[in-house]
Structure formats: C-alpha cells, structure tokens
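Undergrad: Line order of the protein sequences matches chains S and A. Following numbering that gives the first Met the number 0, the numbering of the first sequence begins with 0 at its first residue and continues without gaps. Following numbering that gives the first Met the number 0, the numbering of the second sequence begins with 0 at its first residue and continues without gaps.
Keep in mind that the hints were calculated from the coordinates and are not lab data. Among these hints, one or two may not hold up.
[Unchecked claim] Partner residues aside, some chain A positions facing chain S, computed with beta carbon under 7 Å: (1) Ala27; (2) Asp66; (3) Ala70.
[To be verified] Now the stretches of chain A that chain S is said to cover, found in silico as 3 or more residues with beta-carbon under 8 Å: (4) 16-26; (5) 94-105; (6) 121-130.
We treat Cβ as the ideally placed atom computed from N, Cα and C, and that holds for glycine.
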Amino acid sequence: MENLTQVVAIDQAVCTGCRRCAEVCPVDAIIGAEGQPQSIDTSKCVICGQCVLACSAFVSPFDDVAENLPAMRKERGLDADDQSLLFAAHFRSDIKRVSALLSDPAKKSMVQCAPAVRTSIAEEYGLAPGTLTPGQLAASLRRLGFDAVYDTIFAADVTIMEESSELLQRIESGGPLPMFTSCCPGWVRYMETAWPDLTEHLSSCKSPQQMAGALFKTYGAEIAGVGPESIASVAVMPCTAKKHEAARPEMQASGVPDVDAVLTVTELAAMLKAKNIDLTAMPEEEFDVPMGLYSGAGVIFGATGGVMEAALRTAIAVTTGKDVSESGVKFFPAGEGIHRASVDVAGKNFRAVVVSGLANAAPLLEDVRAGKADFDFMEVMCCPGGCVAGGGQPKLLPGVDRADAIAKRRGGLHRHDKELPVRASHKNESVVALYEKYLGEPLGHRSHELLHTHYGDKCGGH
Amino acid sequence: MSSRLNSFILASAAKCIGCRACELACGAAHVQGGVSVGSLQGSIAPRLYLTRVEEICVPVGCRHCEDAPCAAVCPNGAIQRTDSGVLVDEEYCVGCKTCLAACPVGAMEMAQIWKDGRPALRKVVDPQNSDTFILEPALLASKCDLCHERENGPACVEACPKDALILVDPMKVKKRRNIEAALALAGVDTRTDFRSGEER
Ligand code: SF4
Ligand code: SF4
Numbered sequence: 000m001e002n003l004t005q006v007v008a009i010d011q012a013v014c015t016g017c018r019r020c021a022e023v024c025p026v027d028a029i030i031g032a033e034g035q036p037q038s039i040d041t042s043k044c045v046i047c048g049q050c051v052l053a054c055s056a057f058v059s060p061f062d063d064v065a066e067n068l069p070a071m072r073k074e075r076g077l078d079a080d081d082q083s084l085l086f087a088a089h090f091r092s093d094i095k096r097v098s099a100l101l102s103d104p105a106k107k108s109m110v111q112c113a114p115a116v117r118t119s120i121a122e123e124y125g126l127a128p129g130t131l132t133p134g135q136l137a138a139s140l141r142r143l144g145f146d147a148v149y150d151t152i153f154a155a156d157v158t159i160m161e162e163s164s165e166l167l168q169r170i171e172s173g174g175p176l177p178m179f180t181s182c183c184p185g186w187v188r189y190m191e192t193a194w195p196d197l198t199e200h201l202s203s204c205k206s207p208q209q210m211a212g213a214l215f216k217t218y219g220a221e222i223a224g225v226g227p228e229s230i231a232s233v234a235v236m237p238c239t240a241k242k243h244e245a246a247r248p249e250m251q252a253s254g255v256p257d258v259d260a261v262l263t264v265t266e267l268a269a270m271l272k273a274k275n276i277d278l279t280a281m282p283e284e285e286f287d288v289p290m291g292l293y294s295g296a297g298v299i300f301g302a303t304g305g306v307m308e309a310a311l312r313t314a315i316a317v318t319t320g321k322d323v324s325e326s327g328v329k330f331f332p333a334g335e336g337i338h339r340a341s342v343d344v345a346g347k348n349f350r351a352v353v354v355s356g357l358a359n360a361a362p363l364l365e366d367v368r369a370g371k372a373d374f375d376f377m378e379v380m381c382c383p384g385g386c387v388a389g390g391g392q393p394k395l396l397p398g399v400d401r402a403d404a405i406a407k408r409r410g411g412l413h414r415h416d417k418e419l420p421v422r423a424s425h426k427n428e429s430v431v432a433l434y435e436k437y438l439g440e441p442l443g444h445r446s447h448e449l450l451h452t453h454y455g456d457k458c459g460g461h
Numbered sequence: 000m001s002s003r004l005n006s007f008i009l010a011s012a013a014k015c016i017g018c019r020a021c022e023l024a025c026g027a028a029h030v031q032g033g034v035s036v037g038s039l040q041g042s043i044a045p046r047l048y049l050t051r052v053e054e055i056c057v058p059v060g061c062r063h064c065e066d067a068p069c070a071a072v073c074p075n076g077a078i079q080r081t082d083s084g085v086l087v088d089e090e091y092c093v094g095c096k097t098c099l100a101a102c103p104v105g106a107m108e109m110a111q112i113w114k115d116g117r118p119a120l121r122k123v124v125d126p127q128n129s130d131t132f133i134l135e136p137a138l139l140a141s142k143c144d145l146c147h148e149r150e151n152g153p154a155c156v157e158a159c160p161k162d163a164l165i166l167v168d169p170m171k172v173k174k175r176r177n178i179e180a181a182l183a184l185a186g187v188d189t190r191t192d193f194r195s196g197e198e199r
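All chains should be built: construct the whole structure from the sequences, respecting the hints.
TA: Set out below in structure tokens:
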C-alpha cells in the first residue's frame with residue numbers, strides 16, 4: 000500500500016501556534032515558535048496521534064480560511080462536502096479507500112476491530128465512555144457491507160501463543176533479553192527511530208492487526224475459497240500509527256499487503272453515520288467464526304498491562320498445568336508510568352515491567368543499553384493508558400475529564416474480560432483449531448512466515 | 000427586570016495561548032451531543048471569537064451591555080435584556096444584521112441556530128412550485144447567552160486550559176475593589192491582579 004501522504008500532519012493555515020500538542024508529544028517532534036504555525040519533524044514522529052487529540056484549533060465558519068474548506072478536505076482525503084470539523088492537527092482519512100474496497104465486486108471484504116474500539120465508539124453516538132458495544136459493533140460492520148466480520152482480539156490471542164513461546168525460547172537459548180512487546184506500532188517506531196541499536200530486543204511477532212491481516216489473506220482466503228489478491232482486508236483501530244504500520248513494505252505475508260486500509264474509531268463512526276447506521280440501535284450480533292472468536296485475555300490488550308496479564312495467564316497455565324482465570328500477579332508502581340512484578344514461573348524467577356506512555360520507557364532503555372536491565376520482559380504502550388487512549392479514539396471535547404474518560408474505557412474492557420466464558424488465549428477454540436488445521440505449532444514454519452517479521456532495518460518512512 | 004448589572008465573560012490576553020478550546024466548547028455547548036467532537040449533532044458556530052492582532056491574541060465576545068445597542072436597534076424586538084443577560088430570541092430574529100452592525104465589540108454573528116437538536120428554519124418559496132413554501136436552515140443572530148441554561152455555567156470558562164476566562168459579576172468585582180482600596184489605604188497590599196482576576 001503506497002501512500003505518500005503523511006499520516007499525521009498539522010495544517011499551517013489552521014494552526015494558531017498554541018503548542019498544546021507539543022505538551023503531549025512524547026518525542027518532541029513538534030517544531031515551531033509560540034504563536035506561529037507548527038510542523039512535525041517526521042524523522043522523530045511516531046505517529047501516535049496524541050497531538051491530534053490535544054489540538055482544539057478548528058476551522059470556524061467565521062474564519063477566512065473557511066472559504067477553502069473543500070480544498071482542505073480534499074487534502075485530508077475527505078469528500079469535498081464532508082461536514083466534520085477540521086482541526087489543525089489531523090490524520091489522513093482512509094474512508095474513501097475503504098468505501099472503494101467495499102464496493103469492489105471482485106473482492107471479499109474482511110474486517111477486524113481492535114479491542115479498544117468496543118469500549119469507546121458509543122461516545123460518538125453521545126453515550127458515556129466505557130459503554131460496551133461489541134455485539135452492536137459487529138452488527139454495524141455487517142450492515143456496512145463487510146462479508147466477514149472478524150476480530151483483532153482473535154489475533155491478540157494468537158499473539159500470546161507466539162510471543163510467550165518466543166519468550167520461553169529466548170530464555171532457554173540465552174537471548175536477546177530482555178524481550179520487549181511489539182504490538183504497539185508507536186513503540187516499535189520509537190525503537191526504530193530513537194534506539195536502533197536495541198531493536199533486536201523487540202519480539203519478532205507482528206502486531207495483532209498484522210497477524211490478523213496475514214491470516215485473512217491466507218487461512219481466511221482458503222476458507223473463502225479465493226486467492227489473497229481477492230481479499231479486501233480492513234482494520235478498525237483506536238490508533239493512527241496503525242495506518243503507517245499497515246503500509247510497511249515488509250507486511251505482505253501473501254505477496255499483497257496484509258492490511259489494505261485502516262480506519263480509526265472516529266472514521267468508522269463517520270462512515271456508519273453517513274450510511275444512517277445507528278450503532279446504538281443495532282441488535283447484538285456475534286462476530287464471525289473462526290477468526291472472530293476471542294478470549295478475555297485478548298480483550299485487555301487494549302489497556303496498559305493487558306498484554307502482560309494475558310501472557311501470564313497462558314504462561315502459568317502452560318507451565319503449571321493449572322488453568323487460571325486471572326494470573327493473580329500484582330504489579331507495583333515503580334516510577335511514572337512504570338509498574339513492576341516478580342513472579343515464579345516453572346521454578347524460575349521472572350521479572351516483568353509494564354510501561355504506559357512512551358516517554359517513560361527511556362530510563363529503562365538506558366539500562367538495557369548499559370547492560371544493567373533488571374527485568375526479563377517489558378510491555379510498552381506508547382499512549383498513556385494504552386490503546387484506550389489512542390490517537391484514533393473519539394476526540395474528547397475541551398472541559399471533559401480526559402483521565403476519567405480513559406479510566407472508564409479501560410474499565411469497560413476489564414468488565415468485558417470478566418463476562419466472557421473463555422479468559423485465556425490458549426483456551427480459545429478457534430486458536431486451537433488454527434494451530435491444528437493450519438499453523439502447526441507456535442514458532443513453526445508457517446507461523447514464522449505469516450506472523451513474524453524483523454523490526455529495525457525496513458522501517459517505512461513517514 | 001432586576002437593577003443588577005449584567006454579568007459577562009472577561010478574557011485575559013496575558014494568559015491566552017490561542018488554542019481555541021473556548022470557541023470549540025462554546026460551539027459544542029450550543030448543539031446536542033456527548034463528550035466527543037464526533038457526537039455533536041449540528042454545525043459548530045462559536046459565540047466568542049479568538050482575535051489576533053499582531054502579538055496579541057484573545058477571545059472577544061458579548062459584554063451584555065446595560066444599554067445594549069443590539070437590543071436598541073433590532074427592528075423586530077428579538078433581543079431582550081433579561082435576568083440572564085442580553086439574549087436573542089431566534090423566534091423573532093429575521094436576520095437583518097442591524098445588530099451585527101451596531102455591536103461595538105463585534106459580538107454578534109449570523110449563524111445556524113440549533114434548538115433541541117434541530118436547526119432554526121426559514122420559510123422560502125419552493126423553487127419547484129411557486130404556490131408552496133419549503134423550510135430551510137436560516138442564518139440568524141447568534142451571540143453569547145452566558146450558557147444560562149447550562150448546569151456548570153459558561154462552557155468556555157470551564158474549557159480554558161489556562162484559566163484565561165472568568166465569568167464576572169460586576170457588582171462583586173466593585174465591592175472587592177472597595178475592600179482592597181480600603182486595605183491599601185491602610186497600608187495592606189491585597190489587590191487583585193487586573194489581568195487575571197486572581198488574588199495575588
Ligand atoms: S497544531 Fe493545534 S494544538 Fe498544536 S500548536 Fe497548532 S493549534 Fe495548537
Ligand atoms: S503523532 Fe505523536 S509523535 Fe507525532 S507529532 Fe503527534 S504527538 Fe508527536
């Protein structure tokens with residue numbers, strides 16, 4: 000997927016130079032003098048979209064620039080008569096691209112939704128943050144015209160299978176350790192741009208979005224009885240960096256891009272509204288089998304600490320033979336945005352770190368670089384709070400308590416985890432079947448081809 | 000009608016960073032919706048206006064004048080002084096823009112007005128059939144109403160990240176100034192910083 004437009008950008012004609020975006024940018028990528036239009040240093044930017052969420056400078060109908068609205072919309076990938084408010088800091092719209100994929104009669108369309116979408120999209124319909132709408136989300140996507148409504152959470156479960164095996168293998172074979180999670184593209188890009196010497200510590204696992212995409216075009220294509228080029232693979236994400244990740248040239252397990260287009264939560268809501276689909280009035284429907292079946296462990300990928308907890312559930316079950324619904328491992332605060340735990344797994348002491356917010360990872364990375372790291376496994380989420388706070392999430396109005404909204408979205412995911420019948424990734428029947436019928440075993444030959452990659456050298460440009 | 004002076008929103012140019020959060024919150028407060036930008040139903044038309052002149056930027060809006068020129072010139076009696084300030088009644092506004100021309104601070108705009116999730120409409124002759132009328136959204140007088148129907152008071156004041164906006168009750172300010180002056184005369188300095196309205 001070649002797309003040369005920058006994913007996240009600041010419109011100089013709209014920016015007032017308040018620099019509120021610079022306050023939230025984790026990598027100091029926003030440059031410009033106070034009171035002057037700002038620009039983004041794309042060599043540093045990790046495309047997290049936090050600046051987009053923070054920006055409140057919009058085109059008012061009374062502004063002189065309002066006359067150029069049609070042209071400005073076009074530049075952002077929107078229809079000339081799109082009615083959404085335009086802000087200075089914004090991300091590229093891929094709505095048109097998805098509409099084109101959906102109306103292509105030669106394609107079978109498959110969609111996936113990240114966990115954090117189902118706890119926030121209702122906000123775009125006026126409901127409170129944390130309102131859970133998984134069934135209505137599935138129904139809405141079906142009404143939009145997707146042939147198969149699958150789920151990223153299924154792929155999150157697959158990620159746990161692969162990543163926990165990889166960690167065990169690294170521990171047995173002596174490294175490289177500590178291992179870092181690789182599911183967050185903002186974090187991966189930060190490693191590639193700011194800590195290139197440490198990228199071998201990243202797990203080789205593709206992110207759940209890319210695993211799902213790769214499986215859609217292989218396993219899914221087989222199920223649908225067509226070739227990979229006949230599949231339109233769309234992802235709905237709480238994240239702007241996922242748009243960039245999908246376009247990475249190496250993410251093409253079947254010879255065509257794993258994911259053809261990425262919509263954010265706000266873009267999906269806008270598409271649904273344009274088609275008069277009221278998500279809140281939809282019946283609750285199921286996601287499609289097999290790749291729409293998911294466990295509670297995969298659900299909590301959407302909040303900080305979730306990947307770690309999901310991995311521990313499976314690791315404890317696999318090594319002790321005892322199934323647990325929750326790991327019971329307590330993480331303790333260890334500095335801003337950092338939590339730590341030490342746990343015995345199979346008679347071995349295992350030290351884990353969870354980092355929320357990219358800027359908080361730097362001191363730990365310094366330790367790794369200096370060979371002083373006192374941990375074995377580190378989960379990092381770029382956005383403070385995890386994907387529930389991602390740059391593609393509903394943009395909260397000024398005056399709304401942001402921390403409270405994010406806590407409620409997160410609470411929604413944890414409630415969803417608790418209400419599901421299966422709460423550990425390795426117990427997901429569809430995941431078990433995927434390995435039996437298709438992949439063989441975690442880290443096996445096929446997994447290696449479809450679900451793993453190499454970070455660092457092929458880092459796509461912004 | 001009370002003999003009290005009208006409240007108004009006072010902006011501090013020294014604190015304003017020009018982020019337009021006030022304008023966004025204002026526009027949002029005058030349409031239906033929830034917590035997110037995407038939930039807003041209706042077009043956003045702020046009722047205060049971030050204004051930039053050379054190095055200065057500050058939002059400008061209605062002063063709720065005691066002898067309001069807008070109310071005085073409105074040929075249709077659509078602008079009234081009430082206990083909640085100087086208010087426009089869209090029902091009576093015909094969009095003649097006399098108020099816009101009369102306002103000394105430029106607080107008046109002509110915009111689509113939303114009530115209970117619906118835009119205010121005007122009746123025009125149906126271009127397809129000249130015997131009938133159709134309704135279409137009208138641009139009507141739009142200005143600050145001090146969010147008088149809003150539980151938490153003015154949305155702009157609540158939204159400003161720099162506390163550059165305050166809702167001023169002129170009588171309270173005057174009384175406080177009296178007290179400060181009395182203390183100052185006695186040699187105690189407790190004056191309020193004029194620009195911020197905060198105790199210093
Ligand atoms: S992009 Fe938005 S938040 Fe950043 S300086 Fe410009 S107006 Fe302010
Ligand atoms: S997208 Fe993220 S990293 Fe890039 S400029 Fe915006 S806040 Fe900074």
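Undergrad: Hint by hint, say whether it matches the structure.
TA: Here is what the structure says about each hint:
1. A distance limit of 7 Å between C-beta atoms decides the matter here; for Ala27(A) the minimum to chain S is near 5 Å, and the interface restraint holds.
2. Proximity of Asp66(A) to chain S is violated relative to the hint, the smallest CB-CB distance being about 26 Å (cut-off 7 Å).
3. Using the Cβ-Cβ criterion of 7 Å, the hint placing Ala70(A) at the interface with chain S is not satisfied: the shortest such distance is roughly 22 Å.
4. Figure legend: the segment 16-26 of chain A, annotated as covered by chain S; annotation consistent (10 residues with Cβ-Cβ distances under 8 Å, at least 3 required).
5. By the rule of at least three residues with a Cβ nearer than 8 Å to a Cβ of chain S, the coverage given for the segment 94-105 of chain A is violated, with 0 such residues.
6. Counting residues of the segment 121-130 of chain A whose beta-carbon sits less than 8 Å from any beta-carbon of chain S gives 0, not enough to reach three: the coverage restraint is violated.
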